[in-house]
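Going down the list, the protein sequences come from chains A and B.
Going by this note's numbering, the residue at position 225 of the first sequence is 225; the numbering climbs one at a time, nothing skipped.
All you need for this note's numbering is the position in the second sequence, starting with 1, plus 266.
Worth flagging that the hints you see were computed from the coordinates, not collected in a lab.
Some hints could be false.
[What the hints assert, rightly or not] The calculated lysine to aspartate or glutamate pairs, modelled on DMTMM-like cross-linking and capped at a C-alpha distance of 25 Å, are:
| hint | chain 1 | residue 1 | chain 2 | residue 2 |
| --- | --- | --- | --- | --- |
| 1 | B | Lys392 | B | Asp473 |
| 2 | A | Lys64 | B | Asp473 |
| 3 | A | Lys47 | A | Asp237 |
| 4 | A | Lys47 | A | Glu232 |
| 5 | A | Lys64 | A | Asp80 |
| 6 | A | Lys47 | A | Glu12 |
| 7 | A | Lys64 | A | Asp145 |
| 8 | A | Lys47 | B | Asp494 |
| 9 | A | Lys47 | B | Asp473 |
[Claimed, not checked] Which residues of chain A face chain B? A partial, calculated answer using Cβ under 7 Å:
| hint | residue |
| --- | --- |
| 10 | Ser255 |
| 11 | Gly256 |
| 12 | Arg257 |
Small disclaimer: the values here were computed from a predicted structure and weren't measured.
Cβ coordinates follow ideal geometry from the N, Cα and C atoms, glycine included.
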Amino acid sequence: MADTMQTVPILEVIAHHAGLKSFLLPPVLEAEPGQFVTVWLPGVDEKPFALSGRRPHALEITVKAVGPFTRRLLEARPGDRVGLRGPFGRGFSLTGGAVLVGGGIGNAPLRFLAQRLDEAGLPFSWLAGARQAADLPFEAYLQRDPRVRIFTDDGSAGTAGPVTVGLATALASGPAAVVCGAGPEPMLLALREAARRAGWRAELSFERYMKCGIGLCGQCCLDGSGLRLCVEGPVLDEAAMQGVTEWGLPHRGPSGRRPSAGPPSR
Amino acid sequence: MSPHLSTDRHRAAAGDRVTGPPTPPSLAVRLAGVTLASPLVLASGVMGLSASSLERVAAAGAGAVTTKSCGLEERQGHPCPAILPFAHGLLNAVGLANPGLDEMAAEIAAFQARTPVPLIASIFAKNEAGFAEAAGRLLERVTPALLEVNVSCPNVASEFGQPFAADADACGRITAAVKARARGIPVAVKLSLQCPSLAHVGRACQDAGADALTAINSVGPGMLIDIDVRRPILANQVGGLSGAAILPLAVRAVWDLFQAVTIPIIGTGGVTRPEDALQLILAGATAVGIGTGIYTGGLELFAATNAFLADRLAHGGLPSLDALRGAAHG
Numbered sequence: 001m002a003d004t005m006q007t008v009p010i011l012e013v014i015a016h017h018a019g020l021k022s023f024l025l026p027p028v029l030e031a032e033p034g035q036f037v038t039v040w041l042p043g044v045d046e047k048p049f050a051l052s053g054r055r056p057h058a059l060e061i062t063v064k065a066v067g068p069f070t071r072r073l074l075e076a077r078p079g080d081r082v083g084l085r086g087p088f089g090r091g092f093s094l095t096g097g098a099v100l101v102g103g104g105i106g107n108a109p110l111r112f113l114a115q116r117l118d119e120a121g122l123p124f125s126w127l128a129g130a131r132q133a134a135d136l137p138f139e140a141y142l143q144r145d146p147r148v149r150i151f152t153d154d155g156s157a158g159t160a161g162p163v164t165v166g167l168a169t170a171l172a173s174g175p176a177a178v179v180c181g182a183g184p185e186p187m188l189l190a191l192r193e194a195a196r197r198a199g200w201r202a203e204l205s206f207e208r209y210m211k212c213g214i215g216l217c218g219q220c221c222l223d224g225s226g227l228r229l230c231v232e233g234p235v236l237d238e239a240a241m242q243g244v245t246e247w248g249l250p251h252r253g254p255s256g257r258r259p260s261a262g263p264p265s266r
Numbered sequence: 267m268s269p270h271l272s273t274d275r276h277r278a279a280a281g282d283r284v285t286g287p288p289t290p291p292s293l294a295v296r297l298a299g300v301t302l303a304s305p306l307v308l309a310s311g312v313m314g315l316s317a318s319s320l321e322r323v324a325a326a327g328a329g330a331v332t333t334k335s336c337g338l339e340e341r342q343g344h345p346c347p348a349i350l351p352f353a354h355g356l357l358n359a360v361g362l363a364n365p366g367l368d369e370m371a372a373e374i375a376a377f378q379a380r381t382p383v384p385l386i387a388s389i390f391a392k393n394e395a396g397f398a399e400a401a402g403r404l405l406e407r408v409t410p411a412l413l414e415v416n417v418s419c420p421n422v423a424s425e426f427g428q429p430f431a432a433d434a435d436a437c438g439r440i441t442a443a444v445k446a447r448a449r450g451i452p453v454a455v456k457l458s459l460q461c462p463s464l465a466h467v468g469r470a471c472q473d474a475g476a477d478a479l480t481a482i483n484s485v486g487p488g489m490l491i492d493i494d495v496r497r498p499i500l501a502n503q504v505g506g507l508s509g510a511a512i513l514p515l516a517v518r519a520v521w522d523l524f525q526a527v528t529i530p531i532i533g534t535g536g537v538t539r540p541e542d543a544l545q546l547i548l549a550g551a552t553a554v555g556i557g558t559g560i561y562t563g564g565l566e567l568f569a570a571t572n573a574f575l576a577d578r579l580a581h582g583g584l585p586s587l588d589a590l591r592g593a594a595h596g
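Input sequences plus hints: build the corresponding full structure.
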């Protein structure tokens, strides 16, 4: 049972930018794009991460410094052992004609999706957004691929402006298919709306504080529907997003209390 | 003969006894004055943080739902891993994470505004006075169908001292203190196996006025060690054991309590299949808690168990679960 803990040595660390690295890990489990695994740093904590790629002999996760846990993980070196559990939840479907839309570190799981779409011979385009170039993982790879358009808020890479600027063109460019999104919730909600207007399906990857990954602790149950993001998500389609009343609100923290304001931390 | 044929024959035999239009058997049970449409109760600690989560479990077929245990102050709980599956169940050390009584009261109110399924509010505290205060403060704000007093969380010992559950006199005092503040709402005490005599503790709670007993809490605590990093895996090192591994302990606990007390028992522990719920009823449980079982069985476990119990009643020509409760005692 892959939900049990397996510890593995880090095989390789790839630095993208300051505070943004990928880690290659032995493939002791398999996951689909958008599903997540948990990474345990013994003596520190355990957090969920979507895979950013699958190589012949390694799983890849990509980590951005956003809190105490990720800062500790970013100090890890090849040979250091981390615990892995998973895969958990539901990921993206593999659909031809998909438009991938990523915000910042949200582009990491989309890279795994792009990899699987390529393997399946399915065409796609990718709008890769970030606040600035330094927040964009795999920037060189993204710059090379003609299917990718980069957007940064400050214009330090690609086109200046929000990633949603490129969306209308992308949605008008082919027959209706699916928008696959990962990134900040306001971006995801904008994608949901745009997809609905254009008659496209949406598959959007949301985040919440999680403790168990197996649908028991209740931390990630969404208000309105009670949907458990760790089991029925984290990638939700329009039907699964229905009835949820907490979109755009601050996330429940480790105690289960929803703060009145402020960003979630991990 | 295949089990299937034997079942068909049983059904025919039961049908033969029925005269006139058959009355569908009822799964309804009376628990400390509260009517549950099904004996299945969502156990505390699972999917119990928010109204929407509890509503979803109620819609899945639970006859009552229990909130996550809630205390006077907000608690973040332990770091992760806090819930750890292994081959025969789960080890958990969530550490009584909860948003605090006031936040939980708002969730309870939201639940009760939208669904008639009875809600059991679970509370914990550090000491007798704390239990009384927690009960008082919560019941000033909301009116749950039952109040469950968690005297037995096994994974916060270093902070809270020995669980009260090990001490019959302490359990009795807490029960009396909560009852005094309960505004007439029935009180269930959630017991632990970590005591010299469960029957003795159960009687002490009954004598102090408890209206029901919930047995058992998770067992242990236990520990799992990663053999490569050579450290305990749970951040809290130790945690309570739940799931299939503890079913025999729960069945035995309910059996012992059924002989020791007259108040109803919410038999909880290790139910991962419909048949397990019936075992607890045969041992003497009025209601049956399901928690960890959701991990392997999904929320569908509630509907599947309801269907199984209804089928058993129909096959046996029994109008209700009353005839099965404690039937294993002969």
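A quick look at each hint next to the structure:
1. B:Lys392 / B:Asp473: holds (22 Å)
2. A:Lys64 / B:Asp473: Violated. Lys64 of chain A to Asp473 of chain B sits at ~58 Å, over the 25 Å cutoff.
3. A:Lys47 / A:Asp237: holds (24 Å)
4. A:Lys47 / A:Glu232: holds (18 Å)
5. A:Lys64 / A:Asp80: With Cα atoms ~18 Å apart, Lys64 of chain A and Asp80 of chain A stay inside 25 Å; holds.
6. A:Lys47 / A:Glu12: holds (20 Å)
7. A:Lys64 / A:Asp145: Between Lys64 of chain A and Asp145 of chain A the Cα gap is close to 23 Å, so the pair holds against 25 Å.
8. A:Lys47 / B:Asp494: Measuring from Cα to Cα gives roughly 20 Å; hence the hint holds.
9. A:Lys47 / B:Asp473: Violated: Lys47 of chain A and Asp473 of chain B sit about 46 Å apart, past 25 Å.
10. Ser255: For Ser255 of chain A, the interface hint holds, since the closest Cβ of chain B sits about 5 Å away, which is under 7 Å.
11. Gly256: holds (4 Å)
12. Arg257: It holds, given that the least Cβ distance between Arg257 of chain A and chain B is near 4 Å, below 7 Å.
Taken one by one, the earlier hints fail for this structure at numbers 2 and 9, listed in ascending order.
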